[in-house]
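Engineer: Okay, here's what each chain looks like letter by letter:
Number of protein chains: 2
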Amino acid sequence: MKKKSIIFVLFVLFVSFSNYTKADDGYKLWLKYNLISNPQVLKGYTNSIKTLNINRESPTIKAAKHELQKGLTGLLGETIPESTNLNNDGTLIIGKYKDSPVLSKIDLKTKLEKAGTEGYVIVNAKLEGKDVIIITANEDIGVLYGVFHFLRLLQTNQDISKLDIVSFPKIKLRILDHWDNLNGTVERGYAGFSIWNWHTLPIFIKQRYHDYTRANASIGINGAVLNNVNADPLILTHRYLVKAAALADVFRPYGIKIYLSANFNSPVKIGGLKTGDPFNKEVQQWWEDKVKEIYSLIPNFGGFLVKANSEGEPGPQDYGRTQADGANLLANALKPYNGIVMWRAFVYTYNAEDRAKEAYAQFKPLDEKFADNVLLQIKNGPLDFQPREPFSPLFGGMFKTPLMVEFQITMEYLGQGTSTVYLAPLFKECLESDTYAKGKGSTVAKVVDSSLYNYSISGIAGVSNIGADRDWTGNMFGQSSWYAFGRLAWNHELTSGQIAEEWIRMAFSNDINVIKPIEKIMMVSRENVVNYMDPIGLNMIFGYDNHYGPGPWIDYSPHPDWNSTYYHRADSVGVGFDRTRTGSDYVDQYNPPLNEEFNSLTECPEKYLLWFHHVSWNYKMPSGRTLWDELCYYYYKGVEGVREMQKLWNSLHGKIDEQEFHDEQMYLKIQEKEAVWWRNSCILYFQTFSKLPIPTGYEKPDETLKYYESLSFPNAPGHVR
Amino acid sequence: MKKKSIIFVLFVLFVSFSNYTKADDGYKLWLKYNLISNPQVLKGYTNSIKTLNINRESPTIKAAKHELQKGLTGLLGETIPESTNLNNDGTLIIGKYKDSPVLSKIDLKTKLEKAGTEGYVIVNAKLEGKDVIIITANEDIGVLYGVFHFLRLLQTNQDISKLDIVSFPKIKLRILDHWDNLNGTVERGYAGFSIWNWHTLPIFIKQRYHDYTRANASIGINGAVLNNVNADPLILTHRYLVKAAALADVFRPYGIKIYLSANFNSPVKIGGLKTGDPFNKEVQQWWEDKVKEIYSLIPNFGGFLVKANSEGEPGPQDYGRTQADGANLLANALKPYNGIVMWRAFVYTYNAEDRAKEAYAQFKPLDEKFADNVLLQIKNGPLDFQPREPFSPLFGGMFKTPLMVEFQITMEYLGQGTSTVYLAPLFKECLESDTYAKGKGSTVAKVVDSSLYNYSISGIAGVSNIGADRDWTGNMFGQSSWYAFGRLAWNHELTSGQIAEEWIRMAFSNDINVIKPIEKIMMVSRENVVNYMDPIGLNMIFGYDNHYGPGPWIDYSPHPDWNSTYYHRADSVGVGFDRTRTGSDYVDQYNPPLNEEFNSLTECPEKYLLWFHHVSWNYKMPSGRTLWDELCYYYYKGVEGVREMQKLWNSLHGKIDEQEFHDEQMYLKIQEKEAVWWRNSCILYFQTFSKLPIPTGYEKPDETLKYYESLSFPNAPGHVR
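So the sequence lines, in the order shown, correspond to chains A and B.
For the record, in the first sequence the residue sitting at position 390 is 561 according to the numbering used here, with numbers rising by one throughout.
For the record, in the second sequence the residue sitting at position 490 is 661 according to the numbering used here, with numbers rising by one throughout.
If you're looking for bench data, these hints aren't it; they were derived computationally from the structure.
Note that the coordinates shown come from a computational prediction; the quantities given were computed from them, not determined experimentally.
Heads up, some of the hints might be wrong.
One copy or two, it doesn't matter: identical chains are merged, so the pair holds either way.
Here are the computed lysine to aspartate or glutamate pairs in the EDC-like style, where the Cα-Cα straight-line distance is at most 16 Å [unchecked claim]:
| id | residue 1 | residue 2 |
| --- | --- | --- |
| 1 | K377 | E831 |
| 2 | K778 | E768 |
| 3 | K791 | E459 |
| 4 | K341 | D382 |
| 5 | K862 | E829 |
| 6 | K285 | E310 |
| 7 | K377 | D196 |
| 8 | K377 | E829 |
| 9 | K818 | E843 |
| 10 | K203 | E673 |
| 11 | K691 | E672 |
| 12 | K599 | D756 |
| 13 | K877 | D335 |
| 14 | K840 | E600 |
| 15 | K535 | D496 |
Let the sequences and hints guide you as you build the complete structure.
Structural biologist: Set out below in structure tokens:
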């Protein structure tokens with residue numbers, strides 16, 4: 172054995188050893204860059220990547236170079252040198268096309284036109300007779316995105332000998348919304364404190380801010396709303412703007428703009444004015460001055476997110492003005508700087524006949540009233556981030572206003588921090604729903620990416636599940652939903668399965684015996700939760716206020732629509748909210764033929780049945796079972812689904828990192844316990860109406876309904892302010 | 172070069188490389204176990220430690236073995252095999268003396284008698300003609316402590332060829348008090364959320380719980396109060412006791428008992444009783460039943476910590492009973508299980524003539540009234556964890572009651588999470604103070620370790636500065652104060668300098684060019700803070716409620732003694748609180764000759780001058796300067812001290828881990844800014860009374876007093892509940 176070989180073997184051994192023995196705490200997310208374990212794949216890569224050619228050093232190109240070096244060193248186990256000559260095969264060329272004399276020798280015009288401002292091109296080519304790989308784009312940011320794509324190819328062990336990639340984002344604004352309070356708590360956050368330490372900003376720049384930025388850029392996120400939509404007015408004071416600016420400086424090279432949630436009454440609360448009336452000249456001037464101040468500190472500031480006249484937040488209606496008047500007040504101030512307003516459509520009045528109808532009722536008449544730099548931000552469903560909801564009818568009802576969809580990545584209603592739920596199937600279900608706004612094929616995705624109406628702006632928002640916990644999301648699988656959100660924001664045509672496999676390969680392993688069981692777990696995980704929480708279209712039956720655990724019995728809120736009984740309407744006859752034409756006529760907020768379909772007891776999809784219909788306990792379901800038996804069937808199936816996930820996970824022992832294995836094992840134990848709790852609570856509760864027995868063969872609840880009703884969780888996470 | 176040498180060199184290179192390149196995030200605390208970088212020292216150790224002999228496997232011995240293997244593998248760069256034979260030199264023998272046939276051949280009786288139940292013996296010896304190192308003790312826990320001591324010797328590069336160590340703790344209960352709330356926030360916590368995730372306990376056992384336990388055991392901590400003294404009654408419900416029990420299981424092998432803060436009105440709040448009166452039979456029965464339940468879940472439960480009739484917390488006085496009646500109620504319930512009560516002496520009534528006198532006034536008459544399993548827990552000073560206070564007169568005034576001292580490791584009043592302050596000098600200053608309780612030499616240390624009165628129990632408590640931040644304490648130097656607290660609890664005769672050097676060697680480096688500057692920084696750090704916050708005996712002039720930054724102007728609290736003006740009493744004549752016989756006569760709570768010394772304007776130590784005396788602005792200080800000039804002198808000196816720390820720190824660039832270097836550099840920048848803020852605020856404020864100019868040569872304040880008074884920090888950390 173030659174010395175060189177010894178050195179090589181030792182090198183590989185040590186890197187593997189350090190990969191293996193260091194308990195993985197999840198901090199590196201999907202950017203682990205562990206040494207590639209398949210020797211043939213590794214050899215292929217090291218033959219193809221021998222030198223780096225990087226043509227110019229802007230902050231963004233520097234970031235791309237840094238990432239490439241970090242990634243290649245980890246993945247290939249060696250440092251790839253830089254070189255400007257092309258004497259040998261195996262040069263990886265990265266850079267903006269028009270800056271590069273060497274790239275101009277290759278015609279990439281058509282591809283680059285397609286790529287646009289944020290997209291990129293990755294190709295194999297011959298240059299001066301040598302094999303090269305080219306990552307290029309029209310702008311620096313495209314180069315950075317291309318580098319992340321290329322590294323992903325290596326991380327997932329893909330062939331890099333026939334690359335012919337043109338990729339660009341379908342949606343322009345791809346934004347994470349942080350519901351982080353200035354005191355460090357996170358509303359509906361289940362991963363510890365806020366990652367933003369407002370107190371030590373602007374001087375102290377945490378390493379985590381850099382790594383947050385890298386992670387988001389790697390999946391194409393290009394905006395972050397830093398603070399809670401229930402906005403502390405202090406965020407717009409100079410003291411906090413300076414802090415936000417320090418974060419903006421960190422994010423800028425990575426193409427990420429910052430946005431701030433603005434309190435509509437800021438002119439009163441921090442400006443000393445007597446009113447926040449959008450028609451008041453002083454108020455208009457105050458916003459203009461404030462926006463000017465912001466741009467002087469943050470030249471690439473993105474704009475405002477606003478929750479107005481909703482759940483006690485101030486808004487234009489306090490002054491007798493419309494939501495559009497309010498949005499336009501801010502939009503006008505932002506307009507000279509190309510800033511935008513994301514105006515939330517999440518509004519309701521506590522005592523409406525049917526809360527599901529309210530957003531549509533308020534906003535539909537305002538179509539055409541909004542300034543052109545306003546996007547209306549609409550939650551995926553008409554209520555509130557339930558495990559399953561039909562899409563919001565606003566997506567099919569606004570024809571003149573750019574509409575953003577708002578998903579919740581943090582799992583307020585899906586098991587919070589301890590459950591394993593991969594959310595891509597939920598996101599996709601909404602995006603693929605057909606609104607029929609312009610006939611068949613008018614999917615929510617096409618509304619959101621604006622291909623249906625060709626607006627100059629388009630956007631998608633995800634409420635972040637990120638906190639200061641070491642693994643960012645509390646439960647490692649929370650990372651997969653963050654990842655999937657970014658990937659779908661870039662390209663909503665990717666399937667849930669594709670994204671899951673990508674993520675598993677990067678976060679866990681390229682071993683098929685690891686990929687398969689984890690993919691199975693992920694792909695069933697969301698439907699399991701629906702089954703044991705909210706089957707057949709049930710919804711909004713959660714624990715009071717903290718939304719932790721089951722609370723179908725809740726009927727004591729002064730706000731009628733904060734009660735579970737408002738939503739499930741169980742009685743001796745049956746269960747479900749009659750939203751048909753004989754009920755609240757919510758169905759007619761949908762375009763034909765959906766309104767007809769939802770209105771019909773037999774045509775309404777089973778998954779939405781109790782959302783739209785009050786159905787009798789003995790109604791015969793397509794399965795042949797009565798509604799009551801079907802309800803039991805799903806609740807028990809949900810629990811069994813979790814147990815199946817546990818079995819699949821246990822099969823991974825020894826194949827993945829020990830700490831990750833044990834952590835998830837504990838989380839699944841918690842989830843199994845909670846699934847049983849949900850099932851028993853709901854079955855026993857609804858049984859008081861149906862008076863029917865739990866079908867034979869099912870395990871009996873081990874506690875009484877009274878016991879479940881007695882449980883209270885004043886310290887459940889996510890609702891400390 | 173032979174293959175073996177190549178392999179060795181490569182090995183060393185890689186381990187060093189991985190030590191060096193991995194940015195240190197502080198998670199490993201002082202237990203880094205990095206490969207020893209001095210080759211000669213390393214060689215000496217590997218020659219002396221070739222095999223391990225471990226004689227029995229209890230959970231505690233297993234923990235010791237695990238630590239030893241982890242430590243030696245890291246420090247020596249190789250795995251030391253286990254072996255039971257003694258064929259060669261270099262066996263490290265660990266185990267309980269009386270369990271080991273091999274150790275019985277060596278007479279260690281005298282040493283082991285001295286070591287007692289928690290102590291240990293570490294010696295070199297000859298066994299069957301071979302050189303061995305022995306770590307032994309009377310109990311397993313002593314062996315574990317001995318292993319940590321031994322590893323510390325290696326970490327700090329000490330000679331291990333002439334070991335003759337007997338070590339035992341001077342104080343029996345060495346306790347960390349966590350002011351952690353059940354919702355995850357930490358009162359006066361500046362390092363993020365609570366490390367306890369009550370929500371996911373008892374199922375989810377974080378790796379951090381294990382590492383917390385190791386770290387504490389390594390410095391001899393043997394108790395932890397898990398929850399805030401402002402105690403949520405829910406902690407004593409079954410649901411939370413099960414969670415606490417899960418932590419107790421983790422801690423047990425490491426000799427750490429758990430304690431809980433109890434709400435005195437628990438019988439009412441969670442027990443459904445109508446009263447919490449200690450003389451009520453039902454109440455007594457409730458506590459007996461509750462304690463029985465606790466011990467059934469946690470067989471080695473330590474006992475209760477209670478804050479009663481203090482700052483709104485309930486207590487026995489609500490029922491017309493004394494503090495002793497309250498303490499004894501709980502003590503009687505705990506007695507059968509050898510549990511103890513730590514009863515806090517932190518009481519005051521908001522409107523007393525002199526708050527400093529109140530604890531003494533309330534508790535002195537109760538001496539002799541407490542059950543023998545009650546310890547009175549007294550803050551180091553009579554007020555509230557100020558940067559400098561004279562010791563509490565209770566330490567010299569109670570002759571029949573075991574007294575614990577309570578230090579605050581979290582820096583509520585010393586710059587909170589962002590300042591660099593090593594607290595050992597503060598702890599030592601108190602412990603070495605002479606109370607004269609039984610004549611000269613009756614130091615606080617001798618009261619606390621009970622050598623003065625020979626009680627069967629003795630205790631010391633530190634309010635933890637630990638949170639979920641990756642480096643545990645937010646600022647890395649916070650670790651040094653945690654470390655110092657444990658080391659002093661074990662042996663209060665260690666000097667601040669000794670402990671600092673130990674910690675630096677373990678946490679940073681054995682390089683003298685690293686040790687010296689850091690030690691200088693640490694040793695001046697506390698005095699600097701005193702200088703720019705509270706010189707010459709000033710105190711309690713902090714920001715309202717959050718205690719962040721300066722607030723000498725605060726005079727708007729409805730509670731007179733929550734106002735800064737109550738404490739500094741500045742007027743046109745002078746400044747300071749007259750606690751002499753012509754004033755509040757607080758001085759006579761001290762034993763002679765202290766009372767006389769403090770009473771005398773000329774004999775009172777300058778550092779306490781304004782604590783005891785109202786002194787005129789023109790009073791000539793020993794330095795020759797007037798009081799006003801002296802005040803300015805100290806405030807400016809404090810700021811210069813921070814700048815000096817910055818210079819020292821900057822000299823370390825390249826000599827320590829990059830991330831640690833930059834993080835601390837940013838913290839020092841924040842501290843410098845805050846020091847200037849303190850100095851300017853206080854000088855400008857006191858100047859409104861003295862009407863005297865800032866002496867020439869000093870930099871002028873760059874803002875007005877009005878500006879400083881206008882600052883407000885509603886989101887400062889450490890006071891979200």
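Engineer: Hint by hint, note whether the structure agrees.
Structural biologist: Results of checking the hints against the structure:
Proximity of K377 to E831 under the C-alpha cut-off of 16 Å is restricted to the inter-copy arrangement: shortest distance 11 Å between copies versus 25 Å within a copy. Taking the shortest alpha-carbon separations for K778 and E768, only the intra-copy value of 13 Å comes in at or below 16 Å, while the best inter-copy value is 83 Å. In the homo-oligomer, the alpha carbons of K791 and E459 never lie at most 16 Å apart, since the shortest distance is 61 Å inside one protomer and 57 Å across protomers. Proximity of K341 and D382 under a CA criterion of 16 Å is satisfied in neither setting, with 25 Å inside one chain copy and 46 Å between copies.
In this assembly of identical chains, K862 and E829 lie within 16 Å of each other by CA distance neither inside one copy nor across copies; the values are 48 Å within and 68 Å between. Only within a single protomer do K285 and E310 lie at most 16 Å apart by alpha-carbon distance; the minimum there is 13 Å, versus 75 Å between protomers. In the homo-oligomer, the alpha carbons of K377 and D196 lie at most 16 Å apart only across protomers (11 Å), although the nearest pairing inside one protomer, at 18 Å, exceeds that limit. Within a single copy, K377 and E829 get their C-alpha atoms only as close as 28 Å, which misses the 16 Å cut-off; across copies the closest is 13 Å, which meets it.
Proximity of K818 and E843 under a CA criterion of 16 Å is satisfied intra-copy only: 12 Å inside one chain copy versus 56 Å between copies. Taking the closest pair of Cα atoms, K203 and E673 come within 16 Å of each other only inside a single copy of the chain (13 Å); across copies the shortest separation is 35 Å, beyond that limit. When the C-alpha separation of K691 and E672 is checked against a cutoff of 16 Å, the pair qualifies only within one copy, where the shortest distance is 10 Å, while the shortest distance between copies is 54 Å. Taking the shortest alpha-carbon separations for K599 and D756, neither the intra-copy value of 27 Å nor the inter-copy value of 76 Å comes in at or below 16 Å.
When the C-alpha separation of K877 and D335 is checked against a cutoff of 16 Å, the pair qualifies neither within a copy, at 63 Å, nor between copies, at 65 Å. Taking the shortest alpha-carbon separations for K840 and E600, neither the intra-copy value of 28 Å nor the inter-copy value of 50 Å comes in at or below 16 Å. Proximity of K535 and D496 under a CA criterion of 16 Å is satisfied intra-copy only: 14 Å inside one chain copy versus 69 Å between copies.
Consistency with the previously given hints fails for numbers 3, 4, 5, 12, 13 and 14, ordered from lowest to highest.
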